[in-house]
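**Student:** Each residue of the sequence shown is one higher than the last, beginning at 63 in the numbering used here.
Mixed in with the good hints there might be a few duds.
[As the list claims (entries may be wrong)] Computed spacing ranges between beta-carbons, pair by pair:
#1 Met119 to Phe87: 33 to 39 Å
#2 Trp86 to His120: 49 to 55 Å
#3 Cys127 to Glu105: 50 to 56 Å
#4 His85 to Tyr121: 51 to 57 Å
Hints were generated in silico from the structure; no laboratory data involved. For each residue, glycine too, the CB sits at the ideal point set by N, CA and C.
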Amino acid sequence: MNTCVGFVLQRQSIGTASIQYAHWFLKEMSEEVNQVITAICEEQCMLADKVFCSVCMHYFILYICIVIDC
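All chains should be built: construct the whole structure from the sequences, respecting the hints.
**Tutor:** This is the structure in C-alpha coordinates:
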(Lines of atoms letter the chains of each structure in order from A and count residues from 1; the text may use other names and numbers.)
(Lines give C-alpha, C1' and ligand atoms only; values in the text may rest on other atoms or scores of the structure.)
Protein backbone atom coordinates (compact mmCIF):
# COMPACT_ATOMS: atom_id res chain seq x y z
CA MET A 1 0.00 0.00 0.00
CA ASN A 2 1.24 3.43 -0.87
CA THR A 3 2.35 5.38 2.22
CA CYS A 4 0.29 8.40 1.21
CA VAL A 5 -2.86 6.29 0.81
CA GLY A 6 -2.23 4.60 4.16
CA PHE A 7 -1.86 8.00 5.83
CA VAL A 8 -5.14 9.23 4.33
CA LEU A 9 -6.97 6.07 5.47
CA GLN A 10 -5.50 6.36 8.97
CA ARG A 11 -6.46 10.03 9.09
CA GLN A 12 -10.02 9.21 8.03
CA SER A 13 -10.18 6.49 10.70
CA ILE A 14 -9.02 8.93 13.38
CA GLY A 15 -11.58 11.47 12.15
CA THR A 16 -14.36 8.89 12.28
CA ALA A 17 -13.36 7.81 15.78
CA SER A 18 -13.24 11.45 16.91
CA ILE A 19 -16.72 12.08 15.58
CA GLN A 20 -18.00 8.92 17.27
CA TYR A 21 -16.50 9.98 20.62
CA ALA A 22 -17.87 13.49 20.25
CA HIS A 23 -21.31 12.05 19.43
CA TRP A 24 -21.14 9.71 22.44
CA PHE A 25 -20.09 12.57 24.75
CA LEU A 26 -22.84 14.89 23.54
CA LYS A 27 -25.42 12.12 23.85
CA GLU A 28 -24.35 11.38 27.44
CA MET A 29 -24.42 15.08 28.33
CA SER A 30 -27.87 15.56 26.80
CA GLU A 31 -29.23 12.59 28.76
CA GLU A 32 -27.76 14.04 31.98
CA VAL A 33 -29.24 17.48 31.26
CA ASN A 34 -32.59 15.85 30.48
CA GLN A 35 -32.56 14.07 33.87
CA VAL A 36 -31.67 17.27 35.72
CA ILE A 37 -34.38 19.30 33.98
CA THR A 38 -36.93 16.55 34.61
CA ALA A 39 -36.04 16.49 38.32
CA ILE A 40 -36.33 20.28 38.53
CA CYS A 41 -39.73 20.22 36.81
CA GLU A 42 -41.01 17.47 39.11
CA GLU A 43 -39.90 19.43 42.17
CA GLN A 44 -41.47 22.63 40.85
CA CYS A 45 -44.75 20.79 40.26
CA MET A 46 -44.70 19.39 43.81
CA LEU A 47 -44.01 22.84 45.25
CA ALA A 48 -46.76 24.38 43.12
CA ASP A 49 -49.21 21.73 44.32
CA LYS A 50 -48.31 22.46 47.95
CA VAL A 51 -48.74 26.21 47.45
CA PHE A 52 -51.99 25.70 45.57
CA CYS A 53 -53.40 23.47 48.33
CA SER A 54 -52.47 25.92 51.08
CA VAL A 55 -53.89 28.85 49.12
CA CYS A 56 -57.09 26.92 48.46
CA MET A 57 -57.37 26.03 52.14
CA HIS A 58 -56.82 29.67 53.10
CA TYR A 59 -59.61 30.84 50.76
CA PHE A 60 -61.88 28.01 51.86
CA ILE A 61 -61.48 28.99 55.52
CA LEU A 62 -62.02 32.64 54.60
CA TYR A 63 -65.17 31.69 52.68
CA ILE A 64 -66.48 29.65 55.61
CA CYS A 65 -65.83 32.55 57.97
CA ILE A 66 -67.73 34.89 55.67
CA VAL A 67 -70.64 32.47 55.32
CA ILE A 68 -71.01 31.88 59.06
CA ASP A 69 -70.09 35.52 59.82
CA CYS A 70 -66.98 34.92 61.99
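**Student:** Each hint: holds or not?
**Tutor:** Do the hints match the structure? See the list:
Our hint of 33 to 39 Å for Met119 and Phe87 is violated, since their Cβ atoms are close to 49 Å apart. Distance hint for Trp86 and His120: a CB-CB separation of about 51 Å, consistent with the stated range 49 to 55 Å. Between Cys127 and Glu105 the beta carbons are some 33 Å apart, a value that contradicts the proposed interval 50 to 56 Å. The beta-carbon spacing between His85 and Tyr121, approximately 53 Å, falls within the hinted interval of 51 to 57 Å.
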